[in-house]
Amino acid sequence: MSRVSSKLASAVKCSDTFNADACMHCGVCTAVCPMGIEMLPRKLFRYVQVGLEDKVRENISTIYQCLLCGMCAENCPAEVNIADNVRFLRKYINENEFNLS
Amino acid sequence: MAIGRKIGVFICHCGGNISDYVDVKAVAEAVANEPGVVVSKNHMFTCSDAAQQEMIDDIQGLELDGLVIASCSPKLHMFTFRDMAERGGINKYQYVHVNLREQCSWAHTNDKTGATEKGIALVRAGIAKASLSVPLTALRVDTIPKVLVIGAGISGLRGALALSDMGLSVFIAEKEKDAGGTVKNWGRMAPDDQHGSEIVKNLLDEVKRRDNIMLYTDAEMIAKSGYIGDFKVTLRVGEHDSVELQVGAMLIATGFDSYEPQQGEFGYGLDGVVTLPQFRDFADQQDGELTYNGKPVKNVAFVYCVGSRQKKTEACPEPNQYCSRYCCNAGTHMAVCLEDRPGDLNQYHLYRDIRTYGHNETIYEEARTRGAVFMRYQDTEAPTVADTADGLVVTVKDQLMGGEEVEIQADLVVLITGMVPKKNETLMNLLKLPVSKDGFLNELHIKLRPVETVIDGVFLAGSAQSPKTMAESVGASLAAVSKAGGLLMKGFVDLEPLIARVDTDKCLWCDECLKACPYGAIEKIHHGEKEVAFVVKSLCKGEGACVPICPHDALDVEGYTDQQITAMIDACSKEVVPA
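Keeping their order, the protein sequence lines are chains A and B. One point on numbering: in my numbering, the residue at position 71 of the first sequence is 71, and numbering is uninterrupted. One point on numbering: in my numbering, the residue at position 206 of the second sequence is 206, and numbering is uninterrupted.
Treat the hints loosely; a few may be bogus.
[What the hints assert, rightly or not] In silico DSSO-like links for lysine-lysine, alpha-carbon gap of 30 Å or less:
(1) A:K55 <-> B:K506
(2) B:K295 <-> A:K13
(3) A:K55 <-> B:K298
(4) A:K13 <-> B:K397
(5) B:K298 <-> A:K13
(6) A:K43 <-> B:K298
(7) B:K295 <-> A:K7
None of these hints come from the bench; they were simulated from the model.
Okay, chain A solo, but in the shape it has when bound (with noise of 0.2 Å):
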């Protein structure tokens, strides 16, 4: 059970970069993810559009570990910019984890 953050959900809202609404869930990403990383960027990606604070906080070494390679966003059917959403993460984590800014 996680609670949706007010604060998550309006960032994502009011950002030009994070995107993820035209994503259909269909796991292409995933499949070419040459990390093999666990946490599917689909499943990650509601988190965030939903506003799940919390699922981002437990998924932060994830988030990390993306390459920005790209292949995700190159063979998105739905032409998703995934490589830019994990950026904006990052800068939020950034700033509201880290306290980075």
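Mind docking chain B on chain A? Use the hints.
Coordinates of chain B only, in the frame set by chain A:
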């Protein structure tokens, strides 16, 4: 019997539908020598243009005065063949339809011999009926070029204007003190953002400008008599007045009620849990950022399908099983309206399925791309709403997370409620219109006669019939207008002559037929010295309840006389009981 009759018999193969199981050639040969039959033939498809032309040639060449066609159900082609009989120059009521497909071949696919024997018996009965047929003429009734529209909502007002455009006089009866119906105070509405109040105002202004429209508010029908083309209606107007109207047709534009959730249903009754209509009123009264109880509204949770698509359970013994059609559109449109407001508002839409069909799909897309979060729940695991120390908390299992449980702390929970049938007991008792199992008014045929009812001259206009959007309601209303207009502009209406008739010699007036008739078509009149029953032709449906109940055999139904029915039974049972 059948002396001097010239009857033509035509047996259809129906391309195999009949002939695969009934030996249609054997049937045609077996009945060829029945009394009165002058021609007995087969056709591959009797309904085809070529076969119809051949039959017309036979009607004219052999001067037929009776016609039997053994084919499919009369529901499918009785009117086709009646028209053909008329084109051939024979009275259409001297044509008899025998159902050899649904009632014979399809019912006995495992017994060709038996099916053929039954086919012969059925056709013989048809011939017996045709040989006693007499020419009948349709009843012509003059129509009053005036229409009563019941309900002054969008459908009623728009319908009234269209009728007025045709040059017909219109009376509108509205039960409420103010005209305008459900949306008269509504703000922005899907899909084009026009305000409900503005649409109503424009329609009402136009109605007031028309000389041939009379609008009664605080008015209710209290009596009704008459029939298609000539109804007599009494309206109660205000507390003490009443008016008598004479109209040719009626439009039922009584609209819908919004579903009222039960206490506790999705937290209904808790402070901050409201229905969509209530939320709409609340939001329409505020400009700028929404506030509730003096605080800005930050999080709103919407729950869809409240009161729609319900399943039967102990808590819900009479479920609304239908989809209310308009609610997904209204909910997603409300999402867009909220995004248009200033302030930092997050909205969560918990849905079962989003049904924003047609152009409304773009509203759903706009709502999503502008930041409204949509979460799908399964009907077996519906969201719950609880009042906690942190305020209202909605718990939902999000399908896109594989059913993980998510809590949303919400300032307001909006229940997107569907439509339920309008409660109108007085009106329903007067009009005796049948309702569907959902409680909405029933049309005559769901596809082909969508605005007509079993009461001739009474038409359905809008959401009284089923849940509809505003555009759909207006569409239905204008369809009803075209049916009413078509009826009244012609000036007369032809009714089926297959109705009851009284033998005044036999009738002794005992009132049994009056009690048996469900249409109120029997009246008592003086005939010479005595009192007898009289059939009001335009009210009688030829249903026949009066016939067997009459202790003096004084009643008969044209086209289905006792003599004809007896002859049919005799013809059917020829082998069993030889003449």
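Hints violated by the structure (listed by number, smallest first): 1
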